[in-house]
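Engineer: Each chain is listed here by its residues.
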Amino acid sequence: MASLDRIKVLVLGDSGVGKSSLVHLLCQNQVLGNPSWTVGCSVDVRVHDYKEGTPEEKTFYIELWDVGGSIGSASSVISTRAVFYNSVNGIILVHDLTNKKSSQNLYRWSLEALNKDSSPTGVIVSNGDYDREQFAENPVPLLLIGTKFDQIPDNKRNDVLTRTAFLSEDFNAEEINLDCTNPRYLAAGTSNAVKLSRFFDKVIEKRYFTRDPSQMTGFTDRKRFNFKSLHYD
Amino acid sequence: MSFLVDSVIMVTSQVLFFGFGWLFFMRQLFKDYEVRQYVVQVVFSVTFAFSCTMFELIIFEILGALSSSSRYFHWKLNLYVILLVLIFVVPFYIGYFVVSNIRLLQRQRLLFACMVWFTFMYFFWKLGDPFPILSPKHGILSIEQLISRVGVIGVTLMALLSGFGAVNCPYTYMSYFLRNVTVSDILALERRLLQTMDMIVSKKKRIAMTRRQMYQRGEDQNKQTGFWGMIKSVTSTQTSSENLALIQQEVDALEELSRQLFLETVDLQATKERIEYSKTFQGKYFNFLGYFFSIYCVWKIFMATINIVFDRVGKTDPVTRGIEITVNYLGIQFDVKFWSQHISFILVGIIIVTSIRGLLITLTKFFCAISSSKSSNVIVLVLAQIMGMYFVSSVLLMRMSMPLEYRSIVTEVLGELQFNFYHRWFDVIFLVSALSSILFLYLAHKQSPEKHMAL
Chain U
1 MASLDRIKVL VLGDSGVGKS SLVHLLCQNQ VLGNPSWTVG CSVDVRVHDY
51 KEGTPEEKTF YIELWDVGGS IGSASSVIST RAVFYNSVNG IILVHDLTNK
101 KSSQNLYRWS LEALNKDSSP TGVIVSNGDY DREQFAENPV PLLLIGTKFD
151 QIPDNKRNDV LTRTAFLSED FNAEEINLDC TNPRYLAAGT SNAVKLSRFF
201 DKVIEKRYFT RDPSQMTGFT DRKRFNFKSL HYD
Chain P
1 MSFLVDSVIM VTSQVLFFGF GWLFFMRQLF KDYEVRQYVV QVVFSVTFAF
51 SCTMFELIIF EILGALSSSS RYFHWKLNLY VILLVLIFVV PFYIGYFVVS
101 NIRLLQRQRL LFACMVWFTF MYFFWKLGDP FPILSPKHGI LSIEQLISRV
151 GVIGVTLMAL LSGFGAVNCP YTYMSYFLRN VTVSDILALE RRLLQTMDMI
201 VSKKKRIAMT RRQMYQRGED QNKQTGFWGM IKSVTSTQTS SENLALIQQE
251 VDALEELSRQ LFLETVDLQA TKERIEYSKT FQGKYFNFLG YFFSIYCVWK
301 IFMATINIVF DRVGKTDPVT RGIEITVNYL GIQFDVKFWS QHISFILVGI
351 IIVTSIRGLL ITLTKFFCAI SSSKSSNVIV LVLAQIMGMY FVSSVLLMRM
401 SMPLEYRSIV TEVLGELQFN FYHRWFDVIF LVSALSSILF LYLAHKQSPE
451 KHMAL
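So the protein sequences, as listed, match chains U and P. Heads up, the first sequence is in UniProt numbering, so the first residue is 1 and it goes up one at a time. Heads up, the second sequence is in UniProt numbering, so the first residue is 1 and it goes up one at a time.
Hint data in this document are derived by calculation from the structure and do not stem from the laboratory. Fair warning: there could be bad hints in the mix.
DSS-like, lysine-lysine: derived pairs with alpha carbons at most 27 Å apart [said to hold, decoys possible]: (1) P/K365 x P/K300; (2) U/K206 x U/K58; (3) P/K205 x U/K51; (4) P/K205 x U/K202; (5) P/K205 x U/K195; (6) P/K374 x U/K156.
Make the full structure from the sequences, and use the hints.
Structural biologist: In structure tokens form, the structure reads like this:
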């Protein structure tokens, strides 16, 4: 079936952090000229060379699903958004380096995507705390991207970078800090480009080369329900 | 001596209101943003504090607390401060932050902010011309000039909000208007949405593949030499790029469709949640309230029409009228003065609390819906301006709900305004707003079942 050939990576984050600009930069290698609010979900495709430079090099299409909205949306928006979280192979968490709250909201975003059939506070979370162990054994690879790097004043740069280092530890994920209006940050050969490539390679490996039934633990009954209704017709 | 005590009481209460405004700002409005400019928070809390102080002074007037001379002094002081804030401080900062957002004008921020403020003052002044709000004996720099214009803007806002609220409230509460939505409807829409997304993905894959081939072929093309080589390369790229443009158009159309489907699904989900809510006990209670409010709304529209058509201005307030009715027609005797004071206190108190609460909730909803990280400062200041003008005109209009002996202080402090004009203006705008809300809601309600049937 066609769905078996697809690689789906979610791009999550608060509204206004720069997800659409980031996705445009990753897929078109160009800066997005006129960013506007994303309604619903916008998808773009990145052509990625798995294991570039080695004899096993193969080209894959990675779908980047940029889901718009804020974490405090109405519950009708949250339940509609959950439709996009089916069969996810990787998650990119985007936060704004100049806005602390967008980083804090990433915990709730990741929980919303990974536990989409439980309430936003979920079984894992109690009083807003989250369980680090849950992220350590998480089957879905995460990547943390901080945007608007150029807008941090120089004297605050160290504090911000320490804070994001803690964040990436919590999520057990790599972190990249960049400015979405400047392609230089992801130019070939930079450490950012290497981290990005490694992340996508990891996603592809998890998808194709580890056919582990425990990989399906992130998915819920909802997917089976969808299959049933598809077969009705 | 008593003046000092009264002043201390007033200042303490103002500090309390300021703190409340500060907390509201931090917890509700700026929940998802970082406060970088504390000026905005301070200005908002100051506006809130002084508006609430005005209400407090009315309550003190009714209760007879504090001495009347100190009350009068504080009224005047409060009024001057609030006018200062609403006309000078807030518009200036709005101009300043708007100018800061525009990159071109960054350097001369102050200059442009002053220019914006002068334009605002010009239009503000011009506002007074078409309205018969002043008697000619007032000078040009008197306080009445400013209050009258602030009053016009505020009364318009109040009437618009209350007209829309009066119609929207029963529409939202009553379950009669809820369309029937089943789980399978929502699932069908979601399936369509996902199918559309899949189609977008497959087309984008084709575009990416074609682009990659073009890029690779572009490198090879540089090696092609000769006349025929050139022509061949031209034709092949042209068909590829034409194809690309076509596919891109299809993708744009599909993306628009996916957005619409998403919004429809959200709408259906919201309706389904409301249906579930209406089956609970709370929902049934609100449904009952909805019927009650719809009768109240119809009555208000009726009264507004009567007032305009018959050019009637109410002379007595509801409290005195109510007491008259009970004493004269029902023959119940009681101490009129005592009860009049207490009933007007309760009535005015309820009006104040519900209008403050209603306004703050509406402001929060509005702010969360339209603000972004860039414009949050400007929007909060605009909301502070609206809030200040709203509260000032509440005081103006509340005069009508109070018995004569309490009205005098309001009349004295605000000067000789044409209060009747404001009530008439309120009725007109209320009627216009309520009727257009009914029309708008009717059209919106009619449109959605048709969309729903088409699936």
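Engineer: CA of U/K206 to CA of U/K58, is that 27 Å or under?
Structural biologist: 15 Å, holds
Engineer: P/K365 and P/K300 were given as a pair; does the straight-line alpha-carbon distance stay at or below 27 Å?
Structural biologist: 26 Å, holds
Engineer: Compare the distance between the alpha carbons of P/K205 and U/K202 with 27 Å, and conclude whether the hinted pair is satisfied.
Structural biologist: 21 Å, holds
Engineer: Checking one constraint from the list: CA of P/K205 to CA of U/K51, max 27 Å. Satisfied?
Structural biologist: It holds: about 20 Å lies between the C-alpha atoms, which stays within 27 Å.
Engineer: Between P/K205 and U/K195, does the CA-CA distance stay at or below 27 Å?
Structural biologist: Within the cut-off at roughly 24 Å; holds.
Engineer: Check the hint pairing P/K374 with U/K156 against an upper bound of 27 Å on the C-alpha distance.
Structural biologist: 20 Å, holds
Going down the numbered hints, you'll see the structure goes against none, and every one checks out.
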